[in-house]
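*Asks:* Sequence:
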Amino acid sequence: MNQFTVAKIVAVAALGVAAQSAFAIDGTVNFKGKIIEAPCSIAGESKNQNVELGTISTAYMATADGTKSTPVPFVIKLMNCGETATGATVTFSGPPHADNSAYLAVGLGETDPAVGVGIEVLDSAGSQIANNAASANYSLGKGDFSLQFKAGYVTTKKDTVKSGSANAVANFTIAYK
Numbered sequence: 100m101n102q103f104t105v106a107k108i109v110a111v112a113a114l115g116v117a118a119q120s121a122f123a124i125d126g127t128v129n130f131k132g133k134i135i136e137a138p139c140s141i142a143g144e145s146k147n148q149n150v151e152l153g154t155i156s157t158a159y160m161a162t163a164d165g166t167k168s169t170p171v172p173f174v175i176k177l178m179n180c181g182e183t184a185t186g187a188t189v190t191f192s193g194p195p196h197a198d199n200s201a202y203l204a205v206g207l208g209e210t211d212p213a214v215g216v217g218i219e220v221l222d223s224a225g226s227q228i229a230n231n232a233a234s235a236n237y238s239l240g241k242g243d244f245s246l247q248f249k250a251g252y253v254t255t256k257k258d259t260v261k262s263g264s265a266n267a268v269a270n271f272t273i274a275y276k
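Sequence positions in the sequence shown follow our numbering and run 100 to 276.
Among these hints, one or two may not hold up.
Stated by the list, open to error - Pairs of lysine-lysine residues, derived as BS3-like cross-links and limited to a Cα-Cα distance of at most 25 Å, are as follows:
#1 276 x 146
#2 131 x 146
#3 133 x 146
#4 176 x 146
#5 167 x 133
#6 276 x 176
#7 167 x 249
#8 176 x 241
#9 167 x 256
#10 167 x 261
#11 249 x 276
#12 176 x 131
#13 133 x 241
#14 261 x 249
#15 249 x 146
#16 276 x 133
#17 167 x 257
#18 176 x 249
#19 241 x 146
#20 133 x 176
Derived from the structure by calculation, the hints contain no laboratory data. The structure presented is a predicted model; accordingly, all values stated were derived computationally and were not measured.
With the hints as constraints, model all of the structure from the sequences given.
*Replies:* Following this line, the structure appears as structure tokens:
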């Protein structure tokens, strides 16, 4: 073998070693998720929402027990529903109001909470969905669906209405039929 051939073999071997170092492990990618037994997926923007109920005067809310602010619409979007998805109910659960457990308590943990008002959740027909109770059935099928709701303030005791923070948090659970 001549020196030129030996030099070529050594060069090719060196390139092979160099090429292997290009494939060194530099990090890890972890893929996370979950496959669930549900006929639909909940759209990302529906999972954590803020519903702005506005600023309402105490003079208006103290008019009478049961006085309601104008309800504000919000939507829970369901995507990629399969053929087995024929219907669903939605339950909103949060701390109950001390005067009426059908309403959500407001101002919990706040330094200056509103008093005498709660938050009422309504279905697409305008019927109340009591706190921790299932809504009426929403018809589903194959495809994407927008479940329509509304929420607003309601006076629980007109004689005790006091201004302050009127925020609340509710989790929702969807039960498929």
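*Asks:* Output the numbers, in ascending order, of every earlier hint that fails for this structure.
*Replies:* Structure breaks hint 5 only.
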